[in-house]
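Fit chains Y, F and P to the supplied structure of chain B, relying on the hints for placement.
If you want the building blocks of each chain, they are given just below.
4 protein chains.
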Amino acid sequence: MAANSFGTLFRITTFGESHGKAIGVVIDGCPAGLELTDDEINQELAKRAPGKSPFTSPRKEPDIGEIISGVFEGKTTGAPICFIIPNKEYDSTKYEATKELLKPGHANFTYIEKYGLFDYRGGGRASARETACRVAAGAVAKKILALNGITVEASHNLDEALLEELMREGDSIGGVVEFVATGVPAGLGDPVYEKLEANLAAAMMSLPATKGFELGSGFRAAAMKGSSHNDAFIMQDGKVQTATNNAGGTLAGITTGMPIVGRVAFKPASSIKKPVETVSLANEPTTFVLPEGSRHDPCVAIRAVPVVEAMTALVLVDALLMNRCCRL
Amino acid sequence: MAANSFGTLFRITTFGESHGKAIGVVIDGCPAGLELTDDEINQELAKRAPGKSPFTSPRKEPDIGEIISGVFEGKTTGAPICFIIPNKEYDSTKYEATKELLKPGHANFTYIEKYGLFDYRGGGRASARETACRVAAGAVAKKILALNGITVEASHNLDEALLEELMREGDSIGGVVEFVATGVPAGLGDPVYEKLEANLAAAMMSLPATKGFELGSGFRAAAMKGSSHNDAFIMQDGKVQTATNNAGGTLAGITTGMPIVGRVAFKPASSIKKPVETVSLANEPTTFVLPEGSRHDPCVAIRAVPVVEAMTALVLVDALLMNRCCRL
Amino acid sequence: MAANSFGTLFRITTFGESHGKAIGVVIDGCPAGLELTDDEINQELAKRAPGKSPFTSPRKEPDIGEIISGVFEGKTTGAPICFIIPNKEYDSTKYEATKELLKPGHANFTYIEKYGLFDYRGGGRASARETACRVAAGAVAKKILALNGITVEASHNLDEALLEELMREGDSIGGVVEFVATGVPAGLGDPVYEKLEANLAAAMMSLPATKGFELGSGFRAAAMKGSSHNDAFIMQDGKVQTATNNAGGTLAGITTGMPIVGRVAFKPASSIKKPVETVSLANEPTTFVLPEGSRHDPCVAIRAVPVVEAMTALVLVDALLMNRCCRL
Amino acid sequence: MAANSFGTLFRITTFGESHGKAIGVVIDGCPAGLELTDDEINQELAKRAPGKSPFTSPRKEPDIGEIISGVFEGKTTGAPICFIIPNKEYDSTKYEATKELLKPGHANFTYIEKYGLFDYRGGGRASARETACRVAAGAVAKKILALNGITVEASHNLDEALLEELMREGDSIGGVVEFVATGVPAGLGDPVYEKLEANLAAAMMSLPATKGFELGSGFRAAAMKGSSHNDAFIMQDGKVQTATNNAGGTLAGITTGMPIVGRVAFKPASSIKKPVETVSLANEPTTFVLPEGSRHDPCVAIRAVPVVEAMTALVLVDALLMNRCCRL
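Quick mapping for you: the protein sequence lines, in order, are chains B, Y, F and P.
Basically the working numbering = 1-based index in the first sequence + 861.
Basically the working numbering = 1-based index in the second sequence + 861.
Basically the working numbering = 1-based index in the third sequence + 861.
Basically the working numbering = 1-based index in the fourth sequence + 861.
Okay, chain B solo, but in the shape it has when bound (with noise of 0.2 Å):
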């Protein structure tokens, strides 16, 4: 059900193709009253545009985009926000060549698979563009979660000489981003199935290539023992906080007032220069070879750094909201 919605009471859903008319999300239960502008989401979006650096792909596509409805007067009505990006520029005829081949490391085999027909151009549903999206609706929670003094902040573990290296050679490498929102009350996140850090795990893990998430101590966690894993209370700055951080912000799926600190895990961009061995829609065994002009990102955990701020924000927001409902 609604595997394009995201979230319960701030809920966002996204629609559109890479390379199709426009992309855009609508997002309903954002409460009435908010300051909003175009401009504050563009310049959200800017941060993910591609060609921002020189590792990530050239597309000039400038992302701007403009909230269609639920704004009045500048200010959020209670009625959906619809916030549309229309793809000016791409150019589709690259992807024939290569559209009877399966695509390894994408999804154009999976998408045949289940629904019998897939977009090939630029990936459509499957494309990264999509994560635009997701960042235009998370300048709108960080703006809540502002208000709230609640901040939230990213960053990769990249190294810029690897990466030259990598474009040189036509391949690709994985990566971390981390995630940490300070500022958080005590309280926020559902028990039980509603966990923050679950809900915080289906967000990551809802990005493209990602194959891992943890939080606080992480896998490092598996190997220590409890006494030097336990976080201790203690009194500080006049409110109870804890000594260490193991923990990453939440105990029992509800935070602690103590900065949530997770990681996600990015795999090698698929979209290399190097022949891989693979089949044609037809069965036929073969070897895909990246069309000539395609965009090649050495890494795609750089420009995943937005996304992941957008999703700790959608994550955030929903909690906070939520939280206005579990006492009488």
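No wet-lab data here; the hints were simulated from the structure.
Where hints are given, some of them may not hold.
For identical chains, the list gives no copy identity; a pair is met inside one copy or between any two copies.
What the hints assert, rightly or not - Calculated cross-link-like contacts (lysine-lysine; reagent style DSS-like; alpha-carbon spacing at most 30 Å):
1) K908 / K882
2) K955 / K1135
3) K908 / K1004
4) K949 / K936
5) K882 / K936
Model, not experiment: these values are computed from the prediction.
The following block gives chains Y, F and P in isolation, referenced to the frame of chain B:
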């Protein structure tokens, strides 16, 4: 919303506290016509029963439940299946001594911050005992999967010599549980926000004590090059497969037909025999010491094995049903 | 999805068959801190208990249940509240004789068409007995409403002299139940698909034997002119009110602060002592005759009164919680 | 949650205000492989276009939209289908004069109570213009139904001589729209809270200006005896049917295979040329007079006919998909 429910078409809702009258689960959306007995569920429950190994806590609770509804003349009717496990043996008195203290690594601080009160007896709703309900529901899911040729298995990475040492020390250690699902057809899972890996991640990170989730190559992918990570497509046994399975069984959120392989990181159990610095509910610094007679699990990952299997099964059966609706 | 659940933030899930082991309800999303006892729920249940009037069926079932979870030291904890009512007195043997016949006006034909099988004992899941669970959940909802100054009352339009006559004839009659909610603040309900009247309509039409729903002027509005239907706004008791209440308490799906007034039409009970033409499961024409000793309610609308109250309360408490999230 | 969404598996989300940039709908869950063109949707939209009859408001808006996503090479792909209708012709200036007054029978009072502000231009989000999006989505639903042999038709009960008189008077009248769905197989709809009639009732009562819903015998059933209401089962055309159809096509929430017949009551349009007593936003008593040049529909039920068809189709297509999952 519905913090105690999981799944869309095959949807479970759990209830009950560790030291309350009973725990239970309602399964809504189980297809009609499935043969099902109490015994089949109880056998699955026996796998996670405490006291099964010297390294799990000694509670003697037999974990035997019964089907209350939804089965008629040995078959599911399409009506909700309620399965209830009475809480027979428990002694809540030992929790009295520490009920005024924040328990490091546990739920009481965050629950009190959220709800203003906490059922401290045995961890209440936050107890791992809730996972018995997941295993019960998972037993039903596994039966449906088996009819579709799908099996799910999980295992842990723990070494029992180390555990003996930890028992003596009164300390604990984390662990990793790996799950593998075989026989899964290509095409399961939904794009974008309902990617199979997103749902698996949420499933696993909703378990108590989890700190990380990864699929296939997982966090290792972050250091790999595309040229080694890409899984080549090949024809084998008359169908499209991949030569390697770094993907871990999905591409773009949808199954490839290869085994689904993932891992879950568990933190070391927080209840250890070493004292931990803490504060009281009245904000006074003090020390938390595990009450005499408290259970002590050196590693929660061991008992988590059947629970991880159950969550995998629940995600897959939901995807299997959902897949009936994706084509005209 | 979740065919046995109702509500969004205050969400109930019911389970159990008329002649199974028990029926029950799980309430997920009840705010923490509400004082709640078994007795309070059982008192509300007593209102719909059979045998209360000479015109309701004589089953002696006391309808006494107990809270299994979600309440600690007399207060709700925020955890799911499970309330279970055991099925003590029933005799399923009388249903054996007619189990191979389609029962006019009943569920067995459509359930068999859908699911391939049917728990025919006492109507199974389709029995009006399921509504006891709604009343139990409604009792909790009413407590929350009362704390907010909101009351809900319902009444039927039946004349008891007519009912005596119908009892003698072995026939039945339909009826109308009117509900009124007072003290409801302006601003509850959501626009478009979650209009308060849409949710009330779904709530009422989900009850067994209902054929119609109307709010305020209802079907009479279809023959009225705008000049007589429009409710003028006036200042009264220091606040905005309407001079008349043809609207029935909402405008555009959101409450006006005036009483919410609506009506539900119930069909005459299908179980009557007169034979009805039917066919067997084997498609052979025959006659359906109510088995000796079967219950016979001359009018289901009488026992529906507390159920209509419960459904009204459930819709309102959900809207009340949802309203906490509509503004910044 | 998701106040602007409707449906479970075939789920629509609408957005846009009457005098905003555009209105639109996202359909999530449409099965892949359906042939679909802009024209097919626009033809359905033309049925509700204003100015089609002398008795509907004269706005010249052509209501022509386009598919933005989800269709590739003429077929649906399984991705969300976004359909957008730009708002071309509107003049918001005439709403300025009355923007400080509560408008009897309209949304501004309740929206301001809920959200603290209101987009008053043409009714904003509360405008009946939103129903164009329902008709667009309904066009897609109808195509799927047609492939399954199901047709949906609606009609109103209005007499045009009366309407001419009302036009002269500047008054309005209510109306009833009846819908009939034929070819619906037995077994659609879910028990308990997702009864087909419950979903139909919610669908219809979510339309602007509706005051009542009934299925089959409806409110007349309240005065009928069981002996005349019961629909006898008979064999006809080789299958089980009922001799009469007082049920209106469902029993216990699930379709019988007989035509689904129901009715929706609409109130008289609130915008009339006669002055109505009201108060200002500043709580001062005054009179509401429809501004010069305002549209005046003597009866909203006329234009509601295709919208009622659309809502019926949306409910049925959702039930049709859901039915694929009810048996093993």
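Results of checking the hints against the structure:
Within a single copy, K908 and K882 get their C-alpha atoms as close as 22 Å, and across copies as close as 26 Å, so both meet the 30 Å cut-off. In the homo-oligomer, the alpha carbons of K955 and K1135 lie at most 30 Å apart inside one protomer (17 Å), although the nearest pairing across protomers, at 64 Å, exceeds that limit. With identical chains, the CA atoms of K908 and K1004 are at most 30 Å apart within one copy only, with a shortest distance of 16 Å there and 42 Å across copies. Taking the shortest Cα distances, K949 and K936 sit within 30 Å of each other both inside one copy (28 Å) and across copies (23 Å).
Both within a single protomer and between protomers do K882 and K936 lie at most 30 Å apart by alpha-carbon distance, with minima of 28 Å and 16 Å respectively.
Violated hints are absent here; each numbered hint is respected by the structure.
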